[in-house]
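Residues per chain are reported as follows:
2 protein chains.
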Amino acid sequence: MKKLINDPKNVVSEAVAGFAVAHGDIITVSSDPTYIVRADAPVSGKVGLVSGGGSGHEPLHGGFVGYGMLDAAVPGAVFTSPTPDPILAATKAVDGGAGVLHIVKNYTGDVLNFETAADLAAADGVEVRTVIVNDDVAVQDSLYTAGRRGVGGTVLVEKITGAAAERGDSLDRVAEIAQKVNDQVRTMGVALTPCVVPHAGEPSFTLAEDEIEIGIGIHGEPGRERIKLEPVDAIVERLLTPIIDDIPFTSGDRVLLFVNGMGGTPQIELYIAYRHAAAVLAQKGIEVTRSLVGNYITSLEMQGMSISVLRLDDELVELWDAPVHTAALRWGR
Amino acid sequence: MKKLINDPKNVVSEAVAGFAVAHGDIITVSSDPTYIVRADAPVSGKVGLVSGGGSGHEPLHGGFVGYGMLDAAVPGAVFTSPTPDPILAATKAVDGGAGVLHIVKNYTGDVLNFETAADLAAADGVEVRTVIVNDDVAVQDSLYTAGRRGVGGTVLVEKITGAAAERGDSLDRVAEIAQKVNDQVRTMGVALTPCVVPHAGEPSFTLAEDEIEIGIGIHGEPGRERIKLEPVDAIVERLLTPIIDDIPFTSGDRVLLFVNGMGGTPQIELYIAYRHAAAVLAQKGIEVTRSLVGNYITSLEMQGMSISVLRLDDELVELWDAPVHTAALRWGR
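As you go down the protein sequences, you meet chains H and U in turn.
Residues 2 to 334 in this note's numbering are what the first sequence spells out, letter by letter.
Residues 2 to 334 in this note's numbering are what the second sequence spells out, letter by letter.
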């Protein structure tokens, strides 16, 4: 295992410590229990947004804490759900009196621990709603999940919901918008290589030199099938077709196209994939009006990508375009 | 070779095509010859900034074209200098009457081809100045370079110089600021793995499973030494010490600390490295007042990082903080 780390046990704590120093203008880190929180939290009268999950998917979620997006992120150990304690503490810390929304990727551990934290917060008088993100069309059930997994769509839910909270929407309305984004987004990924969880020291699966895995999960969970490496245009079609057919997206739809790197894939390859994905959508009369290309929800150093397509309406476009100021996503201020 | 590509011959053209579609609000791509240019170029009365070089270092340089940074970027084949033709065409395209600055990384091919293009542009009546970036302290001469190589400091030169041009500074003044940034920044890198140039199909060098290369170049050129893998804190010190000693940086200096990923290293590792780099600087009384962490000048899928330290003064801070709107670096608008 070759990594730029010290003791594998300290990977998350040291990374969070570095993140705190690098972005002290945006966030602070609360320790014992550990969570990353907007420097100006709680924002009085604003709905608070909390997400979190296992580490190893950076910049998700800590990189999305700040103005116009999350109020707090709770990092677990690598690929391991955080316990209810830090989720509860983060929830209370961001409650500005308008309630708190939990944005939870659909993995059994995350769902259970956020639910427990929500119950405890409610008992302490904080109103909490939850949206479960489950945008992965690859498989119905998976290694850590009953139902579909939450993957790339989470980034879009967090950005758009964050803008709604920032403009002053009520908790009910913010939860409704989060659900709408989840309902309108579909994702599928591919892996060229596995990744190595630091404390495990070995890849959780192997792929032959000419093999790729279609429908991979962000923790390396099995996807739909293993196939021989193909030209990326063919791979893009293998990902896009199930996405398009699922909702289904149809001619006349306006969409956001999100090509996400899994961590170890160079940007040049993501843009080659983006090029063909945009062309396939255009051929079907689906208009790409917003784009996101880069490493936003990763699996450590895994080589691969995911493609997400989100159906837009005027409100979602307005919320997408609204100013955001986080470590990983920033515009308009 | 496992990559998300089609024909290796088309890697750059297809990536540039995807980039053009994804970022049509910021840039356009001129073909035959190929260069990436600000959508609103030429900006009348503003000094034009042109950079470029071999592809494979994305987001450098195309990702830095836009308001407050470059006016044009000229991509060569992977790890291969662009020819004078597209550099000349880009230079003319961005000349708004105030002259053009070429920002050139110090590699023999780049320097020669930009020089030829500058001569041809001058013959056509465009005033051109050139700054050669040579911030890499690792080695004096290298595989493709007489003198020090241009690496991470290039990103900082482009951002700060771009802000100076945007506020209306003259060509002489913009060139002077570019030179000042180059004089005040030092960089050194490390590789954990090699990368594979698509048309070569094989790594240009190999590293044993327990080996790393200190002082690596961004094309995989040899560095100072190969050593056994160490904890990242020790690696950080191996990079930082020569950087600090070179200028030298001293107690009381204010600096920008830039921890750059080589392409295949997860963000979580970059922040672990950042944490210790910031601590080492603090111990020496050097104050980190600005930060940049992420993949900004890469070597395809190479695992590794570089550390850059830039000494700041009030003017450089103001220019660093000034609004920028490019595909890869954006704030303030």
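Careful, some of the hints might be misleading.
Same chains, same names: a pair is fine if it fits in one copy or spans any two.
Taking lysine to aspartate or glutamate and the EDC-like style, the derived pairs with C-alpha atoms no more than 16 Å apart in a straight line are [claimed, not checked]:
| id | residue 1 | residue 2 |
| --- | --- | --- |
| 1 | Lys3 | Glu231 |
| 2 | Lys285 | Glu319 |
| 3 | Lys3 | Asp234 |
| 4 | Lys285 | Asp184 |
| 5 | Lys93 | Asp173 |
| 6 | Lys3 | Asp211 |
| 7 | Lys3 | Glu210 |
| 8 | Lys181 | Asp211 |
| 9 | Lys229 | Asp33 |
| 10 | Lys10 | Asp234 |
| 11 | Lys229 | Asp247 |
Hints listed in this document are in silico derivations from the structure and should not be mistaken for laboratory results.
For clarity, every value in this text was computed on a predicted model and none was experimentally measured.
Status of each hint after checking the structure:
no. : hint             : verdict
1   : Lys3 to Glu231   : between (28 Å within a copy, 9 Å between copies)
2   : Lys285 to Glu319 : neither (25 Å within a copy, 47 Å between copies)
3   : Lys3 to Asp234   : between (31 Å within a copy, 14 Å between copies)
4   : Lys285 to Asp184 : neither (21 Å within a copy, 53 Å between copies)
5   : Lys93 to Asp173  : neither (18 Å within a copy, 55 Å between copies)
6   : Lys3 to Asp211   : between (22 Å within a copy, 7 Å between copies)
7   : Lys3 to Glu210   : between (19 Å within a copy, 7 Å between copies)
8   : Lys181 to Asp211 : neither (39 Å within a copy, 49 Å between copies)
9   : Lys229 to Asp33  : neither (47 Å within a copy, 35 Å between copies)
10  : Lys10 to Asp234  : between (40 Å within a copy, 15 Å between copies)
11  : Lys229 to Asp247 : neither (25 Å within a copy, 50 Å between copies)
The structure shown violates the earlier hints numbered 2, 4, 5, 8, 9, 11.
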